Amino acid sequence: MKISTLLSLAAFLCLIWAVEWIVGVPVPDDEGSSSKNSTQDQPTSDHQQGFPFRESNDSSHYIVVDDMVITRDPSRAGMVNAAWPNGEVPYSMAMTLTPQQRPMILQAMNELSAISCIKFRPATREDTYNIEFRNDPMNQGCSSYVGWQNRKNQPVQLSTMCSKGNAIHEVLHALGFFHEQTRDDRDEYVQIKFENISPGFENNFKKDGELYPDAETSYFDVPYNYDSIMHYGKTYFSKNGANTIEVLNNPDAVGRGDNVGQRDFISEGDMQMLRQKYDCPDVPEEPETGAPDEGEATTAKPTTKNPMCQYQPSLPMCKRK
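Per mature numbering (1 follows the signal peptide of the UniProt record, and there is no 0), the sequence shown runs over residues -18 to -1, 1 to 303.
Hints were generated in silico from the structure; no laboratory data involved. In this text, all values refer to a predicted model and were calculated from it rather than measured experimentally. There may be inaccurate statements among the hints.
Think about it this way: if two alpha-carbon atoms lie no more than 30 Å apart in a straight line, the pair counts; the simulated DSSO-like pairs of lysine-lysine are [to be verified]:
hint : residue 1 : residue 2
1    : K188      : K175
2    : K216      : K175
3    : K146      : K221
4    : K175      : K221
5    : K221      : K189
6    : K216      : K146
7    : K146      : K134
8    : K216      : K189
9    : K134      : K101
10   : K134      : K175
11   : K221      : K188
12   : K175      : K189
13   : K188      : K216
14   : K146      : K101
15   : K188      : K146
Using C-beta positions, here's what the derived DEER-type ranges look like [claimed, not checked]:
hint : residue 1 : residue 2 : range
16   : D169      : R238      : 18 to 24 Å
17   : E108      : D167      : 41 to 47 Å
18   : S200      : Q173      : 20 to 26 Å
19   : Q89       : S200      : 25 to 31 Å
20   : S180      : D240      : 21 to 27 Å
21   : S200      : P263      : 15 to 21 Å
22   : M86       : R238      : 23 to 29 Å
23   : P181      : D234      : 29 to 35 Å
24   : G191      : P263      : 47 to 53 Å
25   : D240      : S200      : 33 to 39 Å
26   : Q173      : D109      : 40 to 46 Å
27   : S200      : N232      : 16 to 22 Å
28   : N68       : E177      : 42 to 48 Å
29   : N132      : P205      : 29 to 35 Å
For glycine and all other residues, C-beta sits at the position ideal for the given N, C-alpha and C.
Please put together the full structure from these sequences, using the hints given.
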């Protein structure tokens, strides 16, 4: 091979490295870039039939349930043990994300930071773990592992069809939360119509204790939440268009039964669970002064007593005097 050809190849590789460095922090992935064990959250809902990761259900390491990948390691699985250390989440953005997706993802992280003590920051080469937002062109869903996996480039898959609400939903999975309708106490609040569920998707409706008996789970004394951004809609995975979830409108639940499956806002119950899980102080910390670095998620200062009203002023709790 001619010297000029080698020099051209070297220059090309350097150019690729430089572009990746500018566009996103290139954190090496010591477990490979395969999305085999990712989870799926279909745009505008969690309903994702035919996603390509269902074979991982039989894995000795992971349980794949709809848009959740749950590790079988009880020291990391579940809502209690899967918390990110000190509530700090390093993140990177893959080159496959579009220019439109990047600000949407930052906004999703901003909203979660504004209602909690979670701190998102760009990952560095020194970080031993981080989440990586990616847009796999072979995967049109939205997906995430459940909880901190203590690995580099823990994937959060967001296709161009995924909304900001989908992004928040997936980040909450990454922060360690399951779906609301899989709570062990759900039968008091909803009825699962198994006869209407598409064959092969029954596992998506199992309770937390059925999915993974060894996981340490907690609901932090927060009532069942019909408004949760983590709740399925009434017809998810229906084989005939009929409801797979019937809302019982239990007065002990919070929220409205008509809201199940919404991806428009972070509910008050979602906020309470997140803040209790990460032992947040009563009032969100004040944002740091000074301009943030470009591309960095920041903590917005709430403009009302309820920090959610900074982003969702039309919510009923934001109109209370």
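Original post:
Looking back at the numbered hints, which does the structure fail to meet, lowest number first?
Top reply: When the structure is compared with the hints, numbers 10, 24, 25 turn out to be violated.
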